[in-house]
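Chains as they are written, first to last, in the numbering used here: chain A, 1 to 303; chain B, 1 to 208.
FYI, nobody ran anything at the bench for these hints, they're computed from the structure. Quantities reported herein were computed from a predicted structural model and do not represent experimental measurements. Among the hints, erroneous ones may be present.
[Said to hold, decoys possible] The following label-pair restraints were derived from C-beta to C-beta distances:
(1) A:Pro127 x B:Asp200: 22 to 32 Å
(2) B:Met203 x A:Gly38: 40 to 50 Å
(3) B:Val33 x A:Val72: 22 to 32 Å
(4) A:Gly64 x B:Lys100: 24 to 34 Å
Quick reminder that beta carbons are idealized off the backbone N, C-alpha and C, glycines included.
Each chain is listed here by its residues.
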Amino acid sequence: MENIWIKLFYALMSMLLIFNYGMLLAGVVLKIVARVHGRFGPPVWQPYVNLLKVLSVRSAISHGIMFYLGPVFRLAGGIGLFLFMPVVFGSVWLQNFSFSGDLLLVIYFIFFGQLGMALGAAESGHPYSPMGIMRGLAQVSVSEVPFALAVIAIAAQHGTMSITEIVAAQQGGFLHWNMVTNPVATLAGMMAFLGMMMNSPFDLHLAPQEIPVGPPTEYHSTFLGFMQANRAFFASAKLILFMNLFFGGATNIPILVLKTFLLYMVSVFVGVVNPRFKLEDSLRWFIKIPTVTGIIAVLIYTF
Amino acid sequence: MTIITGDDNKNKEDKGFDTELFCDALPKEIAPVSNKTIQKFYNWAQANSLWILAFGTGCGSIEMRPLYTARYDISRFGMAPRPTPRQSSLFIISGYASVKTMKRIIRSYEQMQNPKFVMGLGSCTINGGMYWDSYNTINRLDHYIPVDTYVAGCMPRPEALIAGFEELKKRILAGKAEGANEYAKNFQWYKANQKKIIKDWDMPDYNW
Chain A
1 MENIWIKLFY ALMSMLLIFN YGMLLAGVVL KIVARVHGRF GPPVWQPYVN
51 LLKVLSVRSA ISHGIMFYLG PVFRLAGGIG LFLFMPVVFG SVWLQNFSFS
101 GDLLLVIYFI FFGQLGMALG AAESGHPYSP MGIMRGLAQV SVSEVPFALA
151 VIAIAAQHGT MSITEIVAAQ QGGFLHWNMV TNPVATLAGM MAFLGMMMNS
201 PFDLHLAPQE IPVGPPTEYH STFLGFMQAN RAFFASAKLI LFMNLFFGGA
251 TNIPILVLKT FLLYMVSVFV GVVNPRFKLE DSLRWFIKIP TVTGIIAVLI
301 YTF
Chain B
1 MTIITGDDNK NKEDKGFDTE LFCDALPKEI APVSNKTIQK FYNWAQANSL
51 WILAFGTGCG SIEMRPLYTA RYDISRFGMA PRPTPRQSSL FIISGYASVK
101 TMKRIIRSYE QMQNPKFVMG LGSCTINGGM YWDSYNTINR LDHYIPVDTY
151 VAGCMPRPEA LIAGFEELKK RILAGKAEGA NEYAKNFQWY KANQKKIIKD
201 WDMPDYNW
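Produce the complete structure using the sequences and hints provided.
As structure tokens, then:
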């Protein structure tokens, strides 16, 4: 019994760590994008101020129960994804509940939040929300295909679905990383990663200039606060997942920060230099190169 | 935080519009948190994260675009344009407001959440400016919605706007920017003024 309390305490601590990391990461990215534009940009702590500001809004409007629960589902999806992954390999307190679930559960959690959000946003009745949902779900579904194929290839390569065992198999220098031992799966996974990180050219579901902000158009005050908090959790959890799967995991916090930061920069830099895809272009792109790469990665381990 | 919900379409026929999406419950005054320290902290957050409703009502909105560029860059002050009134806290009425636009201004203003701030850009919002005797524009904006700051000029340059933002921030930090509560308090007066100029009133009296 005592064991589970200690584990819970560690999980809360690691959530605190990852929340702050995600917020600072968002701030740093705002700054980097501003520098690319030739601006100074907001201070790195701006995401904290924004979160505080939405929490300090005095009134809120609810359109119904599902509208109310949408952000809760979203945040639960982000935290759930994070809690079933080992953050730092070999660390006692940054293991979370990684032994209770495997890769399949984690993949499920990636989709869970989006579905909850879709139900909630649809109830708001704003015409832009269903448009954003339609685009977002199509995009997530299609980018899930190469990701699932890459995961199958990795699972076949190591003969396990446990993330901890996959990370353990990659220890002992970067030549053991799946990036080197399984480059085809990594390529498919990284292309899916671009689609999952909500940056350009795949930010069509938010599309600020076109369909205001898509699903969250009607969300405000604390509802929006939940979604901002989720963004910190979800983004860093996805980064940790990809780092664990393809780039050898991390054995200490500085390595974790370095690897996830560089990984995020891939999607940020692709984002700042590319315009937004249309939905049909994005779907077509995912079905072509990344999916074919994923199929090849699976075929390699079949024969 | 006060949560407002619709009345589930009970009297749809009587009201003539679908109240599932529009609530005609009148606005209420919501006092800021009573704890002075938390109140100051919240005011600080409000002042340093102003989200502008990017709705250009008149010619003045052309002066707002340079604010986002490298030359003026208001993101330095934590300000950002938001595409939806729900998420915005600062409404800039940019230049003249024609009667037709006033309808949209009122609806957008009412959809913003408490606390909300309004800035009048250009002389047209103060006394009508060069449209003073026009048949189709309003002269004094603060007869229709509460205004926190005015930036005079025709047109004020982006530097003047940034100075205006600084003034607005001082008001917010001092806890004086209570426009939303003022609107709720003097609701009947504002509504009467609005109905005086908008002849074809075909919307709920207050739509969230």
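Structure-based check of each hint:
no., hint, in the structure
1, A:Pro127 x B:Asp200: 22 to 32 Å, "23 Å, holds"
2, B:Met203 x A:Gly38: 40 to 50 Å, "43 Å, holds"
3, B:Val33 x A:Val72: 22 to 32 Å, "24 Å, holds"
4, A:Gly64 x B:Lys100: 24 to 34 Å, "33 Å, holds"
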